[in-house]
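Asks: Here's the letter readout for the chains.
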Amino acid sequence: MEQELFRMEGISKSFPGVKALDKVSLSVNKGEVLGLVGENGAGKSTLMKILSGVHRADEGEIFIEGNKVDIDSVAKAHELGVCIIMQELNMCGHLSVADNIFIGRAHKKGIFIDDGKMHEEAKKILDDLGIELNTYAHVGSLSIAQQQMVEIAKAISFNSKILVLDEPTATLTEKEIDQLFGIIRRLKEKGVGMVYISHRMAELNQICERVTIIRDGQYIGTRNLNEITMDQLVNMIVGRSLEDKYPKYKRNIGEIVLEARNVRRGTKVNADYFYVKKGEILGISGLVGAGRTELMRCIFGADQADSMELTLEGKPIKVNSVIQAIKHGIGYATEDRKRDGLALGLDIKYNTNMAHLQNITRFGFINDKEGLKNAEKYVELLRTKTPSVHQLCGNLSGGNQQKVVLAKWLCNDVKVLIVDEPTRGIDVGAKYEVYELFNKLSAQGVSIIMISSELPEILGMSDRILVIHQGEINGELDAKTATQEDILYLAAGYNKLEGKPAPVLSGGGNRKGE
Amino acid sequence: GSQSSSTPATTAAAESSKGADTDKAESKDSAKGDTAKEKTIYVIVKVLGNQYWSVLQAGAEQAGKELGCNVVVVGTALESDIEGQLTLLQNAVSAQADGIVIAPLDSVSLDAPITEAYNSGIPVVLVDTVIKSENYSAALLTNNVEAGKVAAEEMLRRLKDKGVSETEDAQIAIQVGSTGSQTINDRVKGFNEYWQENAPEKWQVLNNDIKVNDGDISKAVGFCQDFITTYPNLKAVFGPNNGSTVGFVTGLTETGRTDISMVGFDFSAEIETMIRSGEYDVSSVVQRQYYMGYDGVKTALEMSDGNTVREKTIDTGVILVTNDNVDDPEVQSIINP
Amino acid sequence: MGNLKAKVQEKKGGSFNKLNAATRRAIYSLCILVGLFVLFSILQPAKFLAPANLQNLLQQIVTYTIIGCGLTFCLVCGGNDLSAGASMALSGIIMVSLLMQGLPLVVCIALCLIMGIMTGIMNGFFIEILGVVPFVATLATQWVYRGMANVLVNGAPLYTTNIPSKEIQKQFYVLGGGRIGGDGLPYSVIITLVYAVILGIVLAKMRIGRQIYACGSNLEAAKLSGINAVKTRMFAYCISGLSAAICGILVASRLSSAQPTAGNGYEMEAIAASVLGGISILGGEGTILNTVIGALMMGVIRNGLNLNGVNSFWQQMIVGIILLIAVASQTAKKSGDLGAIKRFFGLRK
Amino acid sequence: MGNLKAKVQEKKGGSFNKLNAATRRAIYSLCILVGLFVLFSILQPAKFLAPANLQNLLQQIVTYTIIGCGLTFCLVCGGNDLSAGASMALSGIIMVSLLMQGLPLVVCIALCLIMGIMTGIMNGFFIEILGVVPFVATLATQWVYRGMANVLVNGAPLYTTNIPSKEIQKQFYVLGGGRIGGDGLPYSVIITLVYAVILGIVLAKMRIGRQIYACGSNLEAAKLSGINAVKTRMFAYCISGLSAAICGILVASRLSSAQPTAGNGYEMEAIAASVLGGISILGGEGTILNTVIGALMMGVIRNGLNLNGVNSFWQQMIVGIILLIAVASQTAKKSGDLGAIKRFFGLRK
Ligand SMILES: Nc1ncnc2c1ncn2[C@@H]1O[C@H](COP(=O)(O)OP(=O)(O)OP(=O)(O)O)[C@@H](O)[C@H]1O
Ligand SMILES: Nc1ncnc2c1ncn2[C@@H]1O[C@H](COP(=O)(O)OP(=O)(O)OP(=O)(O)O)[C@@H](O)[C@H]1O
Ligand SMILES: [Mg+2]
Ligand SMILES: [Mg+2]
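Chains as they are written, first to last, in my numbering: chain A, 3 to 516; chain B, 1393 to 1729; chain C, 18 to 366; chain D, 18 to 366.
These are computed hints drawn from the structure, not numbers from a lab. Just so it is clear, CB atoms sit at the ideal spot from N, CA and C, and this is done for glycine as well. Be careful, since some hints might not be right.
Stated by the list, open to error - Cross-link-like lysine-lysine pairs, in silico, DSS-like; alpha carbons within 25 Å at most:
no.: 1; chain 1: A; residue 1: K329; chain 2: D; residue 2: K240
no.: 2; chain 1: A; residue 1: K78; chain 2: C; residue 2: K248
no.: 3; chain 1: A; residue 1: K379; chain 2: D; residue 2: K222
Stated by the list, open to error - Some chain D residues well away from chain C (every beta-carbon gap over 12 Å; in silico):
no.: 4; residue: S58
no.: 5; residue: G198
no.: 6; residue: L202
Stated by the list, open to error - Some chain A residues near chain D, calculated using beta-carbon distances under 7 Å:
no.: 7; residue: I328
no.: 8; residue: D342
no.: 9; residue: L344
no.: 10; residue: A345
no.: 11; residue: L359
no.: 12; residue: G366
no.: 13; residue: I368
no.: 14; residue: L443
no.: 15; residue: Y496
no.: 16; residue: L499
With the rest of the complex left out, here is chain A:
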């Protein structure tokens, strides 16, 4: 029994200089999860922002349960039972978890806020979702993943009949993703209609029956997932076919390039030893909040470690600041592009050259021509979707922004490139390009340290995998033989519970000798 819940018809939307959507339609039935897929910048988020009252469509109509509606504000959307979990986190960092969940609609006793009741209700919602969080904690002090869970709790608390999830799993790890899927299935039973946006095909297979595909702001089609193969789907998304998701090159791994010993910082980072070889891709895995980012920020000098001994190509080096790290040829592409990756108010050209201004400077003056050439080269190389290199980064879609972040480091001749969630929010086509790029770089002798929460990516791309648990390196795995289960076992720290030692590969075992 399929009963239509809502339908968007002929939606068009332009931004200055960009036609983001051109007569796109889609419909969702009661109790259905519709997948919405497409390349970066295809217009997925824009379409959903129109549904949830953030943007207004230039043309087109929306029907909910057969009635034409005019959604002109977020409040109106809430009224109509539409709720969205945005691609980018939108939290008030200074407020508590409960305040964020009930933001703008706190419980009242008379004219005053009933704080007790509000926290009670918030606790109930979190418990229901199996999220362990103190409702009095300030959201600003939570990790990105925890914030994402609060965002999900907030959306659920509206009890809406239409729920949009825009890449909710981008910041989550497997455990939380499973948790989320559990929630989604329960909502489904309640008859809630959902739109689920993701670049991870495996996830779509898990929870969606149908997917709608858009490309370049145009409607391509809607398919039942069990009627088409993955290849066909990818084909529809990118308009071309990809042979292999993880292009494996025969890597030429050389000598050890970077070694780190006794990296410690407070309680968050506690790594004894690790190394990366020339031309190698070292995967770093672990649960969210395990301290991967912090560890790498120490290596990069962005955070001051309490103790750290680094050796680069056999020579001990000191890294007390980012500048020193860059001087030694270390690069770091951050995980949160909005916050610390890009200057959103400046253009692509500027951002691409930001980390190597020094190299295009003569007598203190900037050589603009060289900078332009650089930027254009990488726009082409990474196939960044933009009218020109003078486009402000703030106007790019999430995935295209990520490409600019990578470009910034790629043009900076690095020996060791640390990439933190490099494919977060990037579409399959672009992902493939990024992987190829990594392969090309490793072939050129660049060592890559890749933090990723996506297990297939870690397994598919890395040569070796380090698993971090509570700030400690809880074992090293060979990517050729390891399985997702192996990684999760170590990431959750089960070996410690069972009193087993962490696995150590022979390659890293000779550390005493060095």
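Chain A is already provided as a structure; the job is to place chains B, C and D with the ligands on it using the hints.
Replies: Same frame as chain A, but now just chains B, C and D with the ligands:
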């Protein structure tokens, strides 16, 4: 101008025997130190950091040095901050000052608080401006309305001497330091009153285009330039306070307009240079603020010892300084105390 | 091992670190305040602790506190209001002109408060509807309001002695100048206290207050959560305008005159007081309590320095230095260590 | 089809939309400037267009332009400098005191400029090393510098007539008061122009300038790209301090005296000028050209109103209103339509 002779005379006497007196005063002071604590006089000026008040301040501090008492000079940062001055006054009372010398920013607004201070038994000596009521111990002041009239009289004289015909259009520009200042308002008022009565009809004061420079001299110079540009028949300018006067001085000097007469207020280096040069048709109305400071402290100190004053209100008067009299001993005793 | 370490560390941080930053800063400021109080009590016990002086001290901070409380709303919601001082002058002038028309006191007060709210709406209009940055918009309206105040009275003060009814003249004076029992606590202090408590409750306990925090913390998020950000922030500017109007009335009453130049720079003093008390100028943090503590600090410093015979030039410097030190040490407290300073002075690499 | 449409759309937006926001605003401001210029030329052709008046106009904006150019560095890097006016007064006083010691002119200028840079370093220290918010830190240092200026001279102005050598006295006067050929363009205007061009090149073409933009646009990203944010922003504050010092020297020279109260509120005028010209107070946008255009606008408005006999009160209001309108319409231009206003007035749902 009207001057009272008593105060300057006594001060001049103190002045002449200053050198000899100082040692004595100090020894007396140290002798007193054994029995009684050094007295503290609070001097509350209007605004700090401006030429006029710094002279008064210097006078007060000199008195403190010579008479052996502790002088604390406080004041507001802005002429508009009446509430700030009120706070300073309250604090002086709380500090149990032995005497307070105050130049009220406003004669009405500070009436109640000064009355309060006076009633608490502390001698309160007003300088520069009086309050509405009689609740003060003594006052050394300039009658600013009168001073404004003096300025107007002088300006009329100068215009006539210069040969400006009574039937000719003549414009007189004014700029002021601040709008809330009663002193300035009184001077402008006096100036206009005299002008209305005595000036030819064709000679017009630009009362509808009074510029306010907020005590900023750079701004004041700009206003002077623009006055000159705007009014082709500009024959004279009047600056009722020091900053405005300096603005006019600089503006006229820069443009070399020796044909425009100026009457200003107060006496600072720029004005002195201009007056002495003899090229320009200028004069300045000068008050005896140094003595206001000096005698203010002295009076307050005497009253705190239980003495009384002969006259409650003393108009210290003003003196007109021109190229002719700038080196007169009487003028010198005021401008270089 | 690692776990144990983590626990020990957490214990060390203790419950102090669990408080939110503004509360922590409030406690910290309170300590400084008490310290200053004790210091001046020791230096000048007879003078500083005299009841009359303490009453004066409270009266002296009435303006900063009221304007500061209004500004706190703007600061918390991520805005600013540089027009508060000018708006205060305008309100005072309107108040006395209305009284001079012979209108009853209560009517005049009501009209004047409405006028204050109107200035807030005007600020809000430019900031929220036209999208001008608060700093710029309120700097411009500062000039506009100040100009209006001057134009209305042609630059001359209005005196309450010109109010036709002597009765009303007296009643009006009591508001800002009267004291309980003639020489007790000034009524204006009590008005301030009541007003601060009301604003404190609105900010901390009412929905609009919570929305103000949300807007200040993350405007985008607040909007996307369905909060009417325009209305919320408009409200904050109105409160600031209202506070300026109350302040204008009290000052005009106390001084028996309305000066077009009144309140010049008060917004900066009020901001300084708020910041001293621990309000974050970046929005999202702080309560009215912070502001009140800050205003008290400011008052104690000024009063104490005066009682010790420090001249005004030095006072200006000292207040600036105390502001710098207090805020810098609050920041350092927040970042958990003084590493940056030590590193700067080469004490630590 | 869709592609075609997109292209048409792009054409419609035209090349104006492709420019960055600050450049667009600069062009917009330039249009207003020209408009004002034409307006005043029509109203008062003989007076306004007189070469002497135009020279005066330029001389009158020297202070705002120089301080504004320095402030632009702070604004672009995401900071602010409320201490510029006070720092200007302090510099003037130090300049004249040094001259009174009988030191050679060049040495005095050098020392004075160093002093200006020191005030910048002090601001930078509190902001960058101790982490105090720029608004608060420079508000506090404003008080400190102003207090220092007053304390140094005990509140009285210093006169250049007290400089021992008459020769130096004259030379010094020429800096700020001299004119080409005696009555041509003032030297100070030329100094300003040269200084603005140098700063413009530094900001637009040099690496440090590029780094300032990066810091202003996204500080965190700049730091993680290996830009030494502390050094970069410190540099901006130093430039602001240096500008204040230059301004202090020129003003002291022109007025033949150094006033401890000089420059009061100039920082606000300079910020207003920058914003009028299209600098974003939020950082990351704008060039020196914006500031110069803004300063010119300010100068033309003031001068034009003076020539038309508008008194100071009305001027204050008018300047405020023009600031509001100019900035509001720039913002509306940016957001692409005037929908918000129309909606507000109920013209559009
Ligand atoms: N506010 C905006 N101003 C201008 N252009 C915009 C704006 N928001 C989106 N766009 C443009 O609209 C197009 C669609 O963007 P959208 O964010 O919807 O893509 P998406 O499908 O969600 O991509 P991703 O998978 O990378 O998140 C892009 O070309 C983007 O640059
Ligand atoms: N600035 C900070 N202040 C306090 N706690 C922090 C801060 N940054 C990170 N943390 C905490 O430190 C822990 C480790 O965070 P980190 O970001 O390094 O984890 P991660 O493994 O990289 O996770 P993610 O997948 O989110 O990147 C988390 O619990 C996080 O909440
Ligand atoms: Mg998207
Ligand atoms: Mg991370």
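Asks: Next, verify each hint and record whether it holds.
Replies: Each hint, compared with the structure:
1. Of the pairs offered as hints, the one joining K329(A) and K240(D) holds, with about 14 Å between alpha carbons and a cut-off of 25 Å not exceeded.
2. Among the hinted pairs, K78(A) with K248(C) is consistent with the structure: their alpha-carbon atoms are about 16 Å apart, no more than 25 Å.
3. With a C-alpha separation of about 22 Å, the suggested pair K379(A) and K222(D) falls inside the 25 Å cut-off, and the hint holds.
4. For S58(D), the non-interface assignment is confirmed: its Cβ lies about 25 Å from the closest Cβ of chain C, beyond the 12 Å cut-off.
5. Every beta carbon of chain C lies more than 12 Å from that of G198(D), the smallest distance being close to 38 Å; the non-interface claim holds.
6. At the 12 Å boundary, the C-beta of L202(D) stays outside the reach of chain C, the nearest C-beta of that chain being 30 Å off.
7. With its C-beta approaching chain D no nearer than about 4 Å, I328(A) sits inside the 7 Å limit, and its interface hint holds.
8. The closest approach between the C-beta of D342(A) and any C-beta of chain D is roughly 4 Å, which is under the 7 Å cut-off, so the hint is satisfied.
9. A hinted interface residue such as L344(A) counts as satisfied when its beta carbon comes closer than 7 Å to some beta carbon of chain D; here the least separation is about 6 Å, so the hint holds.
10. A least Cβ separation of about 3 Å between A345(A) and chain D falls short of the 7 Å threshold, and the interface hint therefore holds.
11. Hint status for L359(A): holds, given a least beta-carbon distance of 5 Å to chain D, under 7 Å.
12. Hint on G366(A) holds. Least Cβ distance to chain D is approximately 5 Å, under the 7 Å limit.
13. Residue-level restraint check for I368(A) holds (minimum Cβ-Cβ distance to chain D is 6 Å; threshold 7 Å).
14. A cut of 7 Å between beta carbons decides the hint on L443(A): the least distance to chain D is about 19 Å, and the hint is violated.
15. The beta carbon of Y496(A) comes no nearer than 35 Å to any beta carbon in chain D, farther than 7 Å, and the hint placing it at the interface is violated.
16. With a least beta-carbon distance of about 37 Å to chain D, the hint placing L499(A) at the interface is violated under the 7 Å criterion.
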